[in-house]
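Student: Since chain A is already given, all that's left is putting chains B and C on it; use the hints.
Protein chains in written order, with the numbering used here: chain A, 1 to 134; chain B, 1 to 134; chain C, 1 to 134.
Keep in mind that the hints were calculated from the coordinates and are not lab data.
Keep in mind that this is a model prediction, so the values were computed, not measured.
Beta carbons: idealized from backbone N, C-alpha and C, even for Gly.
Each hint can be trusted.
Coverage of chain C stretches by chain B, computed from C-beta distances (three or more under 8 Å per stretch; other residues unrestricted):
| # | region |
| --- | --- |
| 1 | 92 to 99 |
| 2 | 107 to 114 |
Restricting the straight-line Cα-Cα distance to at most 30 Å, the calculated cross-link-like pairs of lysine-lysine (DSBU-like) are:
| # | chain 1 | residue 1 | chain 2 | residue 2 |
| --- | --- | --- | --- | --- |
| 3 | B | Lys-10 | A | Lys-18 |
| 4 | A | Lys-18 | A | Lys-4 |
| 5 | C | Lys-18 | A | Lys-10 |
| 6 | B | Lys-18 | C | Lys-10 |
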Amino acid sequence: MTEKIALTPKTHTTPPAKFSHGVRKGNILQVAGQVGFLPAEEGRPPTPAGPTLREQTLQTLANVRAILEEGGASWEDVMMLRVYLTDVDHFAEMNAIYNAYFENLVEVPAARTTVYVGLPAGLLIEIDALAVLG
Amino acid sequence: MTEKIALTPKTHTTPPAKFSHGVRKGNILQVAGQVGFLPAEEGRPPTPAGPTLREQTLQTLANVRAILEEGGASWEDVMMLRVYLTDVDHFAEMNAIYNAYFENLVEVPAARTTVYVGLPAGLLIEIDALAVLG
Amino acid sequence: MTEKIALTPKTHTTPPAKFSHGVRKGNILQVAGQVGFLPAEEGRPPTPAGPTLREQTLQTLANVRAILEEGGASWEDVMMLRVYLTDVDHFAEMNAIYNAYFENLVEVPAARTTVYVGLPAGLLIEIDALAVLG
Numbered sequence: 001m002t003e004k005i006a007l008t009p010k011t012h013t014t015p016p017a018k019f020s021h022g023v024r025k026g027n028i029l030q031v032a033g034q035v036g037f038l039p040a041e042e043g044r045p046p047t048p049a050g051p052t053l054r055e056q057t058l059q060t061l062a063n064v065r066a067i068l069e070e071g072g073a074s075w076e077d078v079m080m081l082r083v084y085l086t087d088v089d090h091f092a093e094m095n096a097i098y099n100a101y102f103e104n105l106v107e108v109p110a111a112r113t114t115v116y117v118g119l120p121a122g123l124l125i126e127i128d129a130l131a132v133l134g
Numbered sequence: 001m002t003e004k005i006a007l008t009p010k011t012h013t014t015p016p017a018k019f020s021h022g023v024r025k026g027n028i029l030q031v032a033g034q035v036g037f038l039p040a041e042e043g044r045p046p047t048p049a050g051p052t053l054r055e056q057t058l059q060t061l062a063n064v065r066a067i068l069e070e071g072g073a074s075w076e077d078v079m080m081l082r083v084y085l086t087d088v089d090h091f092a093e094m095n096a097i098y099n100a101y102f103e104n105l106v107e108v109p110a111a112r113t114t115v116y117v118g119l120p121a122g123l124l125i126e127i128d129a130l131a132v133l134g
Numbered sequence: 001m002t003e004k005i006a007l008t009p010k011t012h013t014t015p016p017a018k019f020s021h022g023v024r025k026g027n028i029l030q031v032a033g034q035v036g037f038l039p040a041e042e043g044r045p046p047t048p049a050g051p052t053l054r055e056q057t058l059q060t061l062a063n064v065r066a067i068l069e070e071g072g073a074s075w076e077d078v079m080m081l082r083v084y085l086t087d088v089d090h091f092a093e094m095n096a097i098y099n100a101y102f103e104n105l106v107e108v109p110a111a112r113t114t115v116y117v118g119l120p121a122g123l124l125i126e127i128d129a130l131a132v133l134g
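Looking at chain A on its own, in the form it has when it is part of the complex (with noise of 0.2 Å):
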């Protein structure tokens, strides 16, 4: 029997609904979608990095990579990252923002979706990731 574990690291709250920002059961990591709020503060409600795409991708980049990490896992074992934009005019920006983030990365980048769907009122990106651990 495997040990299901909720992933909640320090710069994220506790879910306000019964769901996990990520889970790890055996060699599978699961990262729950993640938007580009700011690390969490106790008392101020969650708040988006800023107006901008290349503000909410590098937050939402560092949202994941942090429940990635609380589960033993870099970015180097994501299989695949499904990234949700509002605006198929955002793609150009996303995707350099995204090649210059992993520009260092030596292992092999994980398969990407993106599509295009709506999301709250200010938020321009979403992103989850499935991982397999080594």
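Tutor: Frame of chain A; chains B and C shown alone:
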């Protein structure tokens, strides 16, 4: 060689297309996108549980669960739920129904991504799930 | 330590961004979102197989399959296909093409979720896939 098994609970009709409601292979179980159709009855076309988000959310969760159980899994084994809504304004109500539904879940709840997409007319919610058995 | 391998079939160009068309690690294989681009030719920009849903669906399935095969997998190993359409009215036609394509599949077909999202101009369908090798 591990066998792949189709999961078709009694509450579900055989899919009209060449896909399965769920599949299990080894310890991985994938539930296909479920919507709020009532348990199948011969001669009746697929019928939503009702027009409201509450009715459809509870029926959708029941449909996901039936497939999990058909594969020998339970909510405790679920790593990720993807919730597709059609309206950002439905989030709070869905979340309240979801939290009440999982209130007595002892184990770590699954990670979750909620996005806003289109669905066929009359359908307000769709959910798919990935589980890893213990 | 299991190695992660990038899957880049000859029909595909090296991705323009820091992601892989597919990755395999151990017995898990993930195919990134594929669209209906024709096999890559040097000096030609990515070109859809045609303007119709039929042309794009068949090409997209061929592109998913090429990545599966590059990783030593086949349709039989696929657990989940995610189909992204841009128009609810395309469902019936996509389903008919899909069913004909998989008509001779002996094994259990994959689970599937179909949702309606935005895609870049001219693209009508995108598909990604998760496979578990035997």
